[in-house]
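Protein chains: 4
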Amino acid sequence: MTKGRLEAFSDGVIAILITIMVLELKVPHSGDLQALRALVPVFLTYVLSYVFLGIYWNNHHHLLHAAERVNGKILWANLHLLFWLSLVPFVTGWMGENHFDPLPTAVYGIVLLFAGVAYLILQKAIVAHQGPTSKIAAALGNDVKGPLSALLYALAIPLAFVREWISDGIYVLIALMWLVPDKRIESRIEG
Amino acid sequence: MTKGRLEAFSDGVIAILITIMVLELKVPHSGDLQALRALVPVFLTYVLSYVFLGIYWNNHHHLLHAAERVNGKILWANLHLLFWLSLVPFVTGWMGENHFDPLPTAVYGIVLLFAGVAYLILQKAIVAHQGPTSKIAAALGNDVKGPLSALLYALAIPLAFVREWISDGIYVLIALMWLVPDKRIESRIEG
Amino acid sequence: MTKGRLEAFSDGVIAILITIMVLELKVPHSGDLQALRALVPVFLTYVLSYVFLGIYWNNHHHLLHAAERVNGKILWANLHLLFWLSLVPFVTGWMGENHFDPLPTAVYGIVLLFAGVAYLILQKAIVAHQGPTSKIAAALGNDVKGPLSALLYALAIPLAFVREWISDGIYVLIALMWLVPDKRIESRIEG
Amino acid sequence: MTKGRLEAFSDGVIAILITIMVLELKVPHSGDLQALRALVPVFLTYVLSYVFLGIYWNNHHHLLHAAERVNGKILWANLHLLFWLSLVPFVTGWMGENHFDPLPTAVYGIVLLFAGVAYLILQKAIVAHQGPTSKIAAALGNDVKGPLSALLYALAIPLAFVREWISDGIYVLIALMWLVPDKRIESRIEG
Numbered sequence: 003m004t005k006g007r008l009e010a011f012s013d014g015v016i017a018i019l020i021t022i023m024v025l026e027l028k029v030p031h032s033g034d035l036q037a038l039r040a041l042v043p044v045f046l047t048y049v050l051s052y053v054f055l056g057i058y059w060n061n062h063h064h065l066l067h068a069a070e071r072v073n074g075k076i077l078w079a080n081l082h083l084l085f086w087l088s089l090v091p092f093v094t095g096w097m098g099e100n101h102f103d104p105l106p107t108a109v110y111g112i113v114l115l116f117a118g119v120a121y122l123i124l125q126k127a128i129v130a131h132q133g134p135t136s137k138i139a140a141a142l143g144n145d146v147k148g149p150l151s152a153l154l155y156a157l158a159i160p161l162a163f164v165r166e167w168i169s170d171g172i173y174v175l176i177a178l179m180w181l182v183p184d185k186r187i188e189s190r191i192e193g
Numbered sequence: 003m004t005k006g007r008l009e010a011f012s013d014g015v016i017a018i019l020i021t022i023m024v025l026e027l028k029v030p031h032s033g034d035l036q037a038l039r040a041l042v043p044v045f046l047t048y049v050l051s052y053v054f055l056g057i058y059w060n061n062h063h064h065l066l067h068a069a070e071r072v073n074g075k076i077l078w079a080n081l082h083l084l085f086w087l088s089l090v091p092f093v094t095g096w097m098g099e100n101h102f103d104p105l106p107t108a109v110y111g112i113v114l115l116f117a118g119v120a121y122l123i124l125q126k127a128i129v130a131h132q133g134p135t136s137k138i139a140a141a142l143g144n145d146v147k148g149p150l151s152a153l154l155y156a157l158a159i160p161l162a163f164v165r166e167w168i169s170d171g172i173y174v175l176i177a178l179m180w181l182v183p184d185k186r187i188e189s190r191i192e193g
Numbered sequence: 003m004t005k006g007r008l009e010a011f012s013d014g015v016i017a018i019l020i021t022i023m024v025l026e027l028k029v030p031h032s033g034d035l036q037a038l039r040a041l042v043p044v045f046l047t048y049v050l051s052y053v054f055l056g057i058y059w060n061n062h063h064h065l066l067h068a069a070e071r072v073n074g075k076i077l078w079a080n081l082h083l084l085f086w087l088s089l090v091p092f093v094t095g096w097m098g099e100n101h102f103d104p105l106p107t108a109v110y111g112i113v114l115l116f117a118g119v120a121y122l123i124l125q126k127a128i129v130a131h132q133g134p135t136s137k138i139a140a141a142l143g144n145d146v147k148g149p150l151s152a153l154l155y156a157l158a159i160p161l162a163f164v165r166e167w168i169s170d171g172i173y174v175l176i177a178l179m180w181l182v183p184d185k186r187i188e189s190r191i192e193g
Numbered sequence: 003m004t005k006g007r008l009e010a011f012s013d014g015v016i017a018i019l020i021t022i023m024v025l026e027l028k029v030p031h032s033g034d035l036q037a038l039r040a041l042v043p044v045f046l047t048y049v050l051s052y053v054f055l056g057i058y059w060n061n062h063h064h065l066l067h068a069a070e071r072v073n074g075k076i077l078w079a080n081l082h083l084l085f086w087l088s089l090v091p092f093v094t095g096w097m098g099e100n101h102f103d104p105l106p107t108a109v110y111g112i113v114l115l116f117a118g119v120a121y122l123i124l125q126k127a128i129v130a131h132q133g134p135t136s137k138i139a140a141a142l143g144n145d146v147k148g149p150l151s152a153l154l155y156a157l158a159i160p161l162a163f164v165r166e167w168i169s170d171g172i173y174v175l176i177a178l179m180w181l182v183p184d185k186r187i188e189s190r191i192e193g
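Quick mapping for you: the protein sequence lines, in order, are chains F, Y, L and U. Okay, so the first sequence: first residue is 3 according to our numbering, each after it adds one. Okay, so the second sequence: first residue is 3 according to our numbering, each after it adds one. Okay, so the third sequence: first residue is 3 according to our numbering, each after it adds one. Okay, so the fourth sequence: first residue is 3 according to our numbering, each after it adds one.
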């Protein structure tokens with residue numbers, strides 16, 4: 003089975019999610035500075051979620067590039083990942099609309115945690131299908147960032163009810179950690 | 003005629019439908035648990051419809067993979083299928099918004115029934131174009147799931163007015179039945 | 003220059019337009035039959051516009067399939083066509099929302115007329131680039147449906163202010179006329 | 003790394019942005035001429051933004067066509083460009099909704115300025131990766147339009163608070179300047 007449509011479909015979904023999030027930036031009915039200032043929290047959560055979706059697209063790109071074949075299990079693992087990503091615009095809007103209230107901040111972390119776990123499952127399904135001696139299995143052998151992110155999300159979720167800004171700080175930290183593209187795969191493939 | 007654009011276009015439409023459904027999860031203006039709880043029925047119908055669209059994408063993937071050529075009739079059979087799928091976000095939103103009222107539940111079944119029939123028509127058009135001795139004709143020779151689903155939908159639609167949860171149960175049952183990817187085609191192609 | 007991205011971009015835009023039109027089918031807050039009945043005119047215009055966009059996608063598919071090369075002029079002629087098509091959801095919603103009032107009905111025709119003219123311009127730009135001895139130039143030699151549609155639209159627009167249903171009838175007529183895929187190109191290419 | 007997915011993803015995002023902008027053309031609840039007239043400023047900004055996004059798509063097409071390889075830096079430079087373009091529907095709606103008030107007009111220029119700078123960064127990243135002796139480096143050697151546009155935007159932004167129509171005039175001027183596709187690359191590649 004070819005991976006072309008899997009990539010095209012995922013590209014489509016992520017592209018739409020990114021642009022649909024912008025719709026939460028509701029056009030104000032007045033043209034003054036105050037109207038713009040009211041949008042600042044929504045804008046900030048938009049930037050954060052844009053970076054997260056950009057990271058997912060980027061890593062997805064690297065991961066699928068390394069895969070040579072796909073099977074039914076991989077198709078569903080991918081749809082499962084896209085399901086959690088599809089909830090990102092909702093939690094982004096909810097967090098922005100309510101000025102980083104504890105509950106929306108925690109739910110934001112929950113959705114990102116599930117998305118992270120779904121990515122790990124997809125990664126595992128792809129490695130399993132390529133075989134233990136494949137390039138990708140070797141490249142991903144010591145995956146630290148994935149489980150570490152999951153751990154950090156699990157920390158950030160309850161902390162949202164203590165001090166909401168701690169959770170936000172953790173989310174930003176995770177984003178920064180991932181902003182560096184996955185050198186492991188890239189170098190192995192090219193080398 | 004190449005099938006590339008047919009696949010790309012269908013991928014695009016299904017990807018957008020999936021993400022547009024999320025827009026029915028309206029961002030609440032308050033950040034408490036009650037606001038979230040009010041969204042539970044909308045969320046549940048979203049999950050169900052996401053699974054259905056995922057199944058269609060998956061099977062469409064397998065079906066088109068098996069097709070070698072397309073013609074004008076196949077293009078229109080495909081557009082016909084996409085038409086019924088395009089109504090899924092509407093019926094999903096309607097069913098979720100009205101807490102599984104009888105009429106929206108029945109209309110949900112009607113749209114899925116027509117989508118199922120449209121899929122059978124597309125399948126037939128593809129088989130006819132590849133010829134009776136093609137791999138796909140052999141693979142689909144004893145299609146049971148398709149007609150069985152149609153029958154179950156036809157049952158679920160009137161039952162929505164008797165006990166609404168029976169219809170929901172049938173929808174979930176059909177989804178579970180299809181969650182297994184179409185092994186027939188997959189094995190024949192690869193074998 | 004390759005035509006791949008031109009096709010992919012057009013597929014994307016048309017796929018999104020089709021699905022965005024569905025958003026005009028606003029989810030009613032009640033689950034009874036009356037709520038559904040109020041949506042009938044919006045639904046009917048949706049079906050009509052879906053068929054029109056399907057026709058454009060289909061013919062665009064045939065036209066680009068016949069093109070071997072594209073240039074800057076073709077890219078812009080294509081963007082010009084997509085511009086008019088992008089207004090279809092708006093006029094569809096306007097006509098449906100106002101139960102086929104004269105003005106929305108006329109504006110619907112104006113947008114479709116401009117889209118039709120834009121298609122003729124694109125066709126001309128493609129033929130010019132492939133050369134007068136190309137297959138496509140021969141296949142399109144006696145294009146009757148294009149100019150005839152333009153003429154019919156030009157008739158339907160003022161007639162909307164006389165009897166609105168005459169214009170609707172003309173729109174349906176044009177759609178039926180085009181539902182047959184462009185056999186000229188198809189047969190020439192395959193023959 | 004292949005550039006296919008980068009192109010497909012960018013096509014998807016730009017296609018969606020173009021069509022999402024149309025949603026700002028809210029369907030009026032009455033079918034008379036006054037309702038249509040009220041939409042004129044929104045429509046005009048839509049046309050302007052459509053042309054800008056069309057220009058970006060066109061030039062992006064040329065630029066990526068000239069690129070042979072991509073790396074992680076290019077992926078992120080591209081996502082950065084798409085981020086600024088993703089704000090175009092918002093500023094378009096804001097400017098149109100408020101009849102070209104000074105602040106929305108200035109913010110429109112700011113977003114386009116950042117998009118222009120992001121394009122220059124992407125261009126630089128691509129040239130750096132192809133090497134100084136590549137065709138694209140030679141073709142882009144004397145890029146005048148890019149920096150000139152940035153300068154004009156920087157002028158238009160403060161001028162919006164003096165005479166708003168001067169800024170609009172500058173935006174239209176920049177659009178016209180770019181409407182001509184980038185002959186430099188096109189001729190070098192083909193020659």
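Hints are not guaranteed to be accurate.
In this list, chains with the same sequence are indistinguishable; a pair is considered to hold if it fits within one copy or across any two.
Claimed, not checked - SDA-like cross-link-like pairs, simulated, lysine to any residue; straight-line CA separation at most 20 Å:
{"#": "1", "residue 1": "K75", "residue 2": "D103"}
{"#": "2", "residue 1": "K126", "residue 2": "V42"}
{"#": "3", "residue 1": "K137", "residue 2": "K147"}
{"#": "4", "residue 1": "K28", "residue 2": "L150"}
{"#": "5", "residue 1": "K137", "residue 2": "T4"}
{"#": "6", "residue 1": "K28", "residue 2": "A108"}
{"#": "7", "residue 1": "K28", "residue 2": "E99"}
What the hints contain is simulated information worked out from the structure, not anything from laboratory work.
Against the structure, the hints:
no.	hint	result
1	K75 with D103	neither (38 Å within a copy, 35 Å between copies)
2	K126 with V42	neither (39 Å within a copy, 31 Å between copies)
3	K137 with K147	within (19 Å within a copy, 39 Å between copies)
4	K28 with L150	neither (35 Å within a copy, 32 Å between copies)
5	K137 with T4	both (18 Å within a copy, 18 Å between copies)
6	K28 with A108	between (24 Å within a copy, 18 Å between copies)
7	K28 with E99	both (10 Å within a copy, 12 Å between copies)
Figure legend: structure checked against the earlier numbered hints; hints not met, in rising order: 1, 2 and 4.
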